[in-house]
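This is what each chain is made of:
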Amino acid sequence: MLQIISVLVENKPGALMRITGLLSARGYNIESLTVARTLDPTLSRMSIVVDVEPQLRTQVIKQMNKLINVLQATDLTDTPAVKREMVLVRVRTQLNSRTAILKEAEIFGARVVDSSTEGFALEVTSESEKLDEFIDVMRSYGEIDVTRSGTVAVSLEAKKLRLSPPVPRTTPVEEADTIRN
Amino acid sequence: MSTSPAHRATVVPESKLMSGAKILLECLVRENVDCIFGYPGGVTLPLYDAFYDHPIRHVLVRHEQNAAFAAEGYARSTGRVGVCCATSGPGATNLVTGLVDSMMDSIPVVAITGQVSTKLIGSDAFQEADTFGITRSCTKHNFLVKNIAELPQVIHEAFYIASSGRPGPVLVDIPKDVFQAQSHYTPVSAIHLPGYKVFTEGHTGQIRRAAQMMWEAKRPFVYAGGGIIAAAASEELRELVETLDAPAVNTLMGLGALPAEHPNFISMPGMHGSYAANMGMSNTDLLIALGVRFDDRVTGRLSAFAPHAKVIHVDIDPAEIGKNRAPDLPIVGDVKRVLQKLNKVLQELAPHHSERNAKDRAAWWQQVREWKAEHPLTPDVSTTEIKPQHVMREIDRLSGGRAIVASDVGQHQMWAAQFIRFSEPRLWLNSGGLGSMGFGLPAAIGAQFACPDKMVFAIVGDGGFQMSIPELATIANHGLPIKIVVVNNGYLGMVRQWQELFYNNRLCQVELNSFPDVKQLAGAYGFKGRTIEKPQELASALEEAVRENGPYLLNIRVSPYENVYPMVPAGGAINEMVLGPPQPVEA
Numbered sequence: 003m004l005q006i007i008s009v010l011v012e013n014k015p016g017a018l019m020r021i022t023g024l025l026s027a028r029g030y031n032i033e034s035l036t037v038a039r040t041l042d043p044t045l046s047r048m049s050i051v052v053d054v055e056p057q058l059r060t061q062v063i064k065q066m067n068k069l070i071n072v073l074q075a076t077d078l079t080d081t082p083a084v085k086r087e088m089v090l091v092r093v094r095t096q097l098n099s100r101t102a103i104l105k106e107a108e109i110f111g112a113r114v115v116d117s118s119t120e121g122f123a124l125e126v127t128s129e130s131e132k133l134d135e136f137i138d139v140m141r142s143y144g145e146i147d148v149t150r151s152g153t154v155a156v157s158l159e160a161k162k163l164r165l166s167p168p169v170p171r172t173t174p175v176e177e178a179d180t181i182r183n
Numbered sequence: 005m006s007t008s009p010a011h012r013a014t015v016v017p018e019s020k021l022m023s024g025a026k027i028l029l030e031c032l033v034r035e036n037v038d039c040i041f042g043y044p045g046g047v048t049l050p051l052y053d054a055f056y057d058h059p060i061r062h063v064l065v066r067h068e069q070n071a072a073f074a075a076e077g078y079a080r081s082t083g084r085v086g087v088c089c090a091t092s093g094p095g096a097t098n099l100v101t102g103l104v105d106s107m108m109d110s111i112p113v114v115a116i117t118g119q120v121s122t123k124l125i126g127s128d129a130f131q132e133a134d135t136f137g138i139t140r141s142c143t144k145h146n147f148l149v150k151n152i153a154e155l156p157q158v159i160h161e162a163f164y165i166a167s168s169g170r171p172g173p174v175l176v177d178i179p180k181d182v183f184q185a186q187s188h189y190t191p192v193s194a195i196h197l198p199g200y201k202v203f204t205e206g207h208t209g210q211i212r213r214a215a216q217m218m219w220e221a222k223r224p225f226v227y228a229g230g231g232i233i234a235a236a237a238s239e240e241l242r243e244l245v246e247t248l249d250a251p252a253v254n255t256l257m258g259l260g261a262l263p264a265e266h267p268n269f270i271s272m273p274g275m276h277g278s279y280a281a282n283m284g285m286s287n288t289d290l291l292i293a294l295g296v297r298f299d300d301r302v303t304g305r306l307s308a309f310a311p312h313a314k315v316i317h318v319d320i321d322p323a324e325i326g327k328n329r330a331p332d333l334p335i336v337g338d339v340k341r342v343l344q345k346l347n348k349v350l351q352e353l354a355p356h357h358s359e360r361n362a363k364d365r366a367a368w369w370q371q372v373r374e375w376k377a378e379h380p381l382t383p384d385v386s387t388t389e390i391k392p393q394h395v396m397r398e399i400d401r402l403s404g405g406r407a408i409v410a411s412d413v414g415q416h417q418m419w420a421a422q423f424i425r426f427s428e429p430r431l432w433l434n435s436g437g438l439g440s441m442g443f444g445l446p447a448a449i450g451a452q453f454a455c456p457d458k459m460v461f462a463i464v465g466d467g468g469f470q471m472s473i474p475e476l477a478t479i480a481n482h483g484l485p486i487k488i489v490v491v492n493n494g495y496l497g498m499v500r501q502w503q504e505l506f507y508n509n510r511l512c513q514v515e516l517n518s519f520p521d522v523k524q525l526a527g528a529y530g531f532k533g534r535t536i537e538k539p540q541e542l543a544s545a546l547e548e549a550v551r552e553n554g555p556y557l558l559n560i561r562v563s564p565y566e567n568v569y570p571m572v573p574a575g576g577a578i579n580e581m582v583l584g585p586p587q588p589v590e591a
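Which chain is which? The protein sequence lines are A and B, in order. The opening position of the first sequence corresponds to residue 3 in the numbering used here, with each subsequent residue numbered one higher. The opening position of the second sequence corresponds to residue 5 in the numbering used here, with each subsequent residue numbered one higher.
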């Protein structure tokens, strides 16, 4: 079963590697991963979809939370959360099926982002399963190219973010300074 | 911790223009570092130039792996952060085993590595390796410092991360041009790691419930590990054990946490643990797990481990809770703080409870004593050949529970753990989690530098010793009075034991021929060495080694086919011990 994990992480080189490393070290394959800056540009939000046995999921999330760069890793699999994915589909089609494609697109709430004599480029945002269906439908009209964004998710429950305060690093410095002066 | 006069003199005025190399050393001074184990190279030249007239002691080892192990020996014997240093590329990759080793055993180590200049990173430059990438999974955290402005902050963060919470190794990779760059140095007054969570205070409600469970238990059993030593919680552990009057075991990593001579101390549990320890674990109704991680070498087959027990698990690392065994009552916190509170609550509740279950508890002790008497850990002694267990008993006699014993990995490590008694924490240094051969000798070097007044034994097998021979030069160089005891059976004994028992005695690549003559070997380095093979010589030879002011290399030819017992075969439950070698069947 696929799990979705949301990770709030410091926007630092290597942070992504640390998180994916935890998963690859255990032999888990990442189904999708999205990462982008948050309102605070020093932080990034990652949404990871991964197939981890349910009994090991807690362990993986605890290990993520242990990473110095991770502010919070949360399991959104079974908690109230909105999960969405976007897909861009380019479909090459004959002129006679253009109307039908637009009809189908409307059913799925897709937008046309490009149109040419060759066909359309369509954009849909929905739940991943819906996108699978959309892609299947489009495939029946002709040759398609697909790029999926991977799932992004937001929790519907406010989870308190506990951050560690600064730590004074004074003992040797002060001692040394007092002695010198 | 006091700052030595040498340190005080070197602390520089604020905001002075300094090179990255000097800033690094200044930060190390402010972290009270007095000794670094390292090996120079191309990109660390600017750093070594700064070492030239700096009071921090740099110990030149003969292989970077041993710098990491020596730093561990320093850290394990003192609790302070051990520091090692290597150049880029091969220097850094040679540190890896030591880093994983300290990661597995939660040892605070800071590794400084040089890196090629920032402009060359990623160009396959000479001696370039992706140290940051390579060491990601074998450190608690690592840094690549690309800008001199970050350097002081990073160094202090590295020491803080290494030594706080669950300790571990931190690596700082510093490019050559960062060592060379000049910057105005301002001392760091505070560090901020918002995502670094250190859990120290245990949950008060959980602690109260734990105390209640402890008084209610009929057959309580304390399972204490390396966490007690890391947290310096030996006193608190002793108080708990005495208040409850519970039998207690120390794991391989925890030996010395409770003094071996304490009446409640049983011994080590696990694969080569004692019968009483494993039977106790298997029959307790309340397992009190303190600073342990339910390692497979302790638990045996997990589904059969402590089957009748409720488990209280105290650990500073939330990821350890429920990793292998789901506890009935978890407490996340510093085991010292938790035990302080717990002991208080236990005392408060004592008037109502201490008489409770008195009969059951007396019966429990009776049972534990019977197990102890049934199959005690007694060293084999022979008059015709030297038994390795006999060697350990003699070392135990000379140590009197006070000497530092750095062990390598293998059969001798298990015999040492079984038969050498430790009265204090931080005397028993061994590679518990990773089981790195070649650990013992360099760890002893680190410990001897950290504790110049202590007697240090390096107990090594003939296999591991041959991995560490280069460090005899370091020992000779500094005249370190380490007593190197080679428990020489001519085999990779532990591997041979498994081939004998589980691979039809098809001994493959375990025979170690051509062991050097140690008298000549030690002599070549300028110190004393001797080989013995008669049990009658054992006591006097060890005494001679101990009396010697400098290093001493004692090669002991022991009975070649001795195996470690008791033994829990892989996949077995810990109460299914093989207590001794198969007896010949009479026709």
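Don't read these hints as lab results, they were simulated from the structure. Since the structure is predicted, the reported quantities are computational estimates derived from the model, not experimental observations. Watch out, some of these pointers could steer you wrong.
What the hints assert, rightly or not - Straight line, CA to CA, 30 angstroms or less: simulated DSBU-like cross-link-like pairs of lysine-lysine:
1. Lys391(B) to Lys161(A)
2. Lys363(B) to Lys68(A)
3. Lys85(A) to Lys201(B)
Claimed, not checked - Just a sample of chain A residues kept apart from chain B, beta carbon distances all over 10 angstroms, derived:
4. Gln74
5. Phe110
6. Lys161
Positions of the beta carbon are idealized from the N, C-alpha and C atoms, including for glycine.
- Query: Which hint numbers doesn't this structure obey?
  - Reply: The structure conflicts with hints 1, 2 and 4, although it agrees with all the remaining ones.
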